[in-house]
Amino acid sequence: MERPRHQGMAKNTYMRWRLPLICLLWEVAMIVLFGVFVRFGPEADAHWEEEKREMNLTSDIENDFYFRYPSFQDVHVMIFVGFGFLMTFLKRYGFGAVGFNFLLAAFGIQWALLMQGWFHSFKSGKILIGVENLINADFCVGSVCIAFGAILGKTSPIQLLVMTLFQVTLFAVNEYILLNLLHVKDAGGSMTIHTFGAYFGLTVTRILYRPNLEQSKDKQGSVYHSDLFAMIGTLYLWMYWPSFNSAISEHGDAQHRAAINTYCSLAACVLTTVAFSSMLQKKGKLDMVHIQNATLAGGVAVGTSAEMMLTPYGSLIVGFICGIVSTVGYVYLTPFLESRLHIQDTCGIHNLHALPGLIGGIVGAITAAAATEDIYGKEGFIKAFDFTGTYQTRTPSVQGGFQAAGIVVSLLMAFAGGALVGAILKLPVWGDAAAENCFEDDVYWEVPEDEESDVYHMHSPDKPASP
Amino acid sequence: MERPRHQGMAKNTYMRWRLPLICLLWEVAMIVLFGVFVRFGPEADAHWEEEKREMNLTSDIENDFYFRYPSFQDVHVMIFVGFGFLMTFLKRYGFGAVGFNFLLAAFGIQWALLMQGWFHSFKSGKILIGVENLINADFCVGSVCIAFGAILGKTSPIQLLVMTLFQVTLFAVNEYILLNLLHVKDAGGSMTIHTFGAYFGLTVTRILYRPNLEQSKDKQGSVYHSDLFAMIGTLYLWMYWPSFNSAISEHGDAQHRAAINTYCSLAACVLTTVAFSSMLQKKGKLDMVHIQNATLAGGVAVGTSAEMMLTPYGSLIVGFICGIVSTVGYVYLTPFLESRLHIQDTCGIHNLHALPGLIGGIVGAITAAAATEDIYGKEGFIKAFDFTGTYQTRTPSVQGGFQAAGIVVSLLMAFAGGALVGAILKLPVWGDAAAENCFEDDVYWEVPEDEESDVYHMHSPDKPASP
Amino acid sequence: MERPRHQGMAKNTYMRWRLPLICLLWEVAMIVLFGVFVRFGPEADAHWEEEKREMNLTSDIENDFYFRYPSFQDVHVMIFVGFGFLMTFLKRYGFGAVGFNFLLAAFGIQWALLMQGWFHSFKSGKILIGVENLINADFCVGSVCIAFGAILGKTSPIQLLVMTLFQVTLFAVNEYILLNLLHVKDAGGSMTIHTFGAYFGLTVTRILYRPNLEQSKDKQGSVYHSDLFAMIGTLYLWMYWPSFNSAISEHGDAQHRAAINTYCSLAACVLTTVAFSSMLQKKGKLDMVHIQNATLAGGVAVGTSAEMMLTPYGSLIVGFICGIVSTVGYVYLTPFLESRLHIQDTCGIHNLHALPGLIGGIVGAITAAAATEDIYGKEGFIKAFDFTGTYQTRTPSVQGGFQAAGIVVSLLMAFAGGALVGAILKLPVWGDAAAENCFEDDVYWEVPEDEESDVYHMHSPDKPASP
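Chains as they are written, first to last, in the UniProt record's numbering: chain A, 1 to 467; chain B, 1 to 467; chain C, 1 to 467.
Think of the hints as simulated: they come from the structure by calculation, not from any bench. All the pointers check out, no bait thrown in.
Since the list can't tell identical chains apart, any single copy or any two copies may satisfy a pair.
Computed cross-link-like contacts, DSS-like style, restricted to lysine-lysine with a CA-CA straight-line distance of at most 30 Å:
| id | residue 1 | residue 2 |
| --- | --- | --- |
| 1 | K217 | K426 |
| 2 | K123 | K383 |
| 3 | K285 | K219 |
| 4 | K283 | K217 |
| 5 | K11 | K219 |
| 6 | K426 | K219 |
| 7 | K383 | K52 |
Next up, chain A with everything else stripped away, as it sits in the complex (with noise of 0.2 Å):
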């Protein structure tokens, strides 16, 4: 059941050989690189048994699989449903944000493999992968679903892979640049993931800036049951968000004290926002928005410092800040951005990811500075810091200095690597749809029969009595 369409500025939205297109190349494309170039690493390559020999290993527990997959698992749930479902807040967009993010990480997540595979993992022309590597890619592909949800409902699909594409061939450049040459500790991606992710998708959501979205605008809410489905993703994120933080981090103590700090910091992020949402709105009533997304700020704005000595308290107390500055984002400064900088951000990701983001590469700047043999230990602090080899001599306070200029470099790649890509995007040829149909399943998925509809006809007269 087709619904008539607005006509003036109609654009062409068919998909039909374009999206297959591009699927098929790319994932060929995909298949000749990973056979050139992807091999298993020791410890999944059926030699592991003269591997552990070597090694001197006496039990397969000490396989670096049992050490990550738990954690991989979770984070591989956030990305696919955490992501995915927030972003099924809009009254007739869930098939879009479920569909579309479930795409674009798929194919994210191939990509990455091949690119951060190729500054981290590469070895004698091969690229060897592990469960790292595919937490590693998970976590490359966040970015892009952060990003996504700035231009969530205004985008085609085609434009999401190309996006993506570009976005993480950015990201590992910057991962690259701050992990190796600055070398920035950044586990759980206060500076790569979020800062990055979300100027990036800022940047190209301003590049794409529609002047006639309100056109849309009714669309642009929530139903009741809606912002039930956003919820599942909510708590998935919020629960699994000390498995994102620890997930790379040293094995021991380092994923322990990760996982401790972000829970911290988490349950004290639900409190502030709770206070605020209510605080900031006339009839003191709550609002699902907050609840859905100020309560995960918490979790980003410790993704540095996580698995440095932050302290529970310290894990507080950054929660409690960032409640209280996303919600107060939410309220104030999303608005502001689109009347006055004309970025429209359907998610709100500057003031879950953003602003938490850089939150959180100043709390681990500031928590590398302050660190002392006294609080780690001598064997703990050069092993949480790496100080070993060329930075056996890099103090905390230089240590410090570097993690802030990652802030910096993270900031500069998301400008002007989403300026490239919007411009890129902003092409005519990628199918997007006009201003009166952004937020709609429609356009690019076979919807059913609405229930709205089915509700009418079984009132209808004409309609034949239902069994």
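With the hints as your guide, set chains B and C onto chain A.
Only chains B and C this time, still in chain A's reference frame:
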């Protein structure tokens, strides 16, 4: 779009200053108390390298994190998604169910870390926390989520926070009496979590009795989709219950055994629930309320004994009985409690947690009393009941007696505590809604314009044609 | 509120005595059989302390629980939430989808523990169970969930229980033939679970052919929200499939490798599914049916080979092909099977499980036949295919032949078993609904008064104004 409200008995549900104030003040208190008391335990502290050497550990995999973190995450899902979504069955209280559960649990876990920490992890003036503390905090909050089920839809968020504050405190005291003074085993919390939590909640709801509650009768039911949302909660509770009952058991066989026993009990419980749901209904049809709730009773009822040598068939028997008891409870007992004893139990926690919790305590006492060195092995026997130090000479039958005493203590604490807290919550300052506005999200939440209204408008002539 | 029913062909769907009786009797049988046969395996028994000493294990972490429990929980979620919610896509059969899946799986895992136990874990008259048995029981039930997909909406809960009883039995026999007699590898169950389960279900639905099914055509579709519920099922299956295929592989590299291969195959599968979904539709729009189902074919198709040295690019190729095969199947094959072969396949399991399962068996045979000591290493080669004892001299090409034989055996068992069970289910005593009442929860469930009706009432003048 405000709905018109009944005039009579208008209550002040305005939250704007009260709720923010309590959230902010309490969170500040948490920060101060965490700052004074809470530090990382040895396995999460950066000094772990030295710790490992002292304890002669050769691998990071010996860190408790790897023994318990996967179970912790499962428990975490149960508390936030499990309980949260289980309660979304009401047609117009989904936001409150998921959202208030989120709020009280986020506050509760912080306060529980402190309360339980003072009792169990207090060393040289500091509370040292690790993953086991996180699990225990989640457990403690679980008892509050249970109590929430009894008063669901009838209380303000402030009342819930006040109840959480007191209930967590009393939980910790009760738990201390049971585990430390009576030396009782209760790894899955049949007594400490379920019996205590449920009778506490039932006492509270008795004291908050609302004679005119039938005024909101039309909102006490479910709709088709809300029942499916509730099934998400049910299934996550059901699937992860083996993790719940095994999460804090001793490493090795005890965790393994607890998971198997729980798996068996839950499976049997589904069959008898279905049987009695159909049998007790004239038309022989299944009732979603039973499937959503009574299927879980088997998990509650092996909470004490799952880590003991209950055996798989013993677990099946327990599950078999509890499916019946719980379903019969929903059909006959809940209406009786409401009409005769004025106990208005929204979710029927008496059938899901109270009765099965009591059965669980009794099964635990019997299983403990029946333990022999033959069944457990000499070392296993001592390890299973921790018959060391002061308890070296305790016999199984004495242990069984103490287990039974644990049930009685939990009941007394629940009744006394529930009465006290109920009286506090009855004060007319907490902003609860009038009877005719119960079970309605609109009181405390910004609710999006209804789907239903949309439909109506869609077909009304005065609305501009939608695009 | 009862809806009027069509008169003609009225069938007796009254469950009141039949369903309770079968549930109770069978559960009692389970208790008796468990009592006679089932005991804890050595790693779950309290004698584990002695066991550890005998096996020279120095740490509790060597307990199989820690190798497999996280994967077990993921598999558990796939069976209950994954399959359950995947089938909620029908507009009026959500209760039946989730609820009957719950019922049959809860019964099936108990019966599977016994059947598989007799074949594989039987020692001195007892079945000794541990976490691996739980996984295998879930696997076995997975094949029943698959078959359920073919007959979804057309059978009574009693028929489902009867089918489960027989199918689990046949599954165990088939599995024994494959794994023990043919010495075939099939860790992720391409043959034992998917090929067998799907062709079994298809045979059953063929025999239960309903010529007048178009009478309930209007209920065979989805509505907007039911498609989102189904996506929950899809995503959990998709995300946790790496756990499924690796759950019972050998410790260490095999588990690690199986997870990576599955991750890769699934990612590729999404891209080709999207491509063909758009390409095969005139308007070029995406079809939720394909996204919900065909994206999973990649996981099915590496079920046999995932633990082998399939390599990441090999996995991409398999996923690439299966996304295409499966989507094309939905568009062309399902309608053909229905109109020509009278196979009414509600969920299209032929495209999601049958064809990809066959491909998976073939890929497994080829991968095994192509194995060399060079690729696997000397020890790895023997370990991967368990070429020890009687099988010491088996060569890869012979193994490949046996693998292929495994496919044929699974097919024959499925056709013969399905025909037998279909004939039994055709008996007119099981209480299935008439054709015009298929796909309708109202037959077996107490369904809450419709949302739709609410709406209607809301605007009808004869209803008192809602508060």
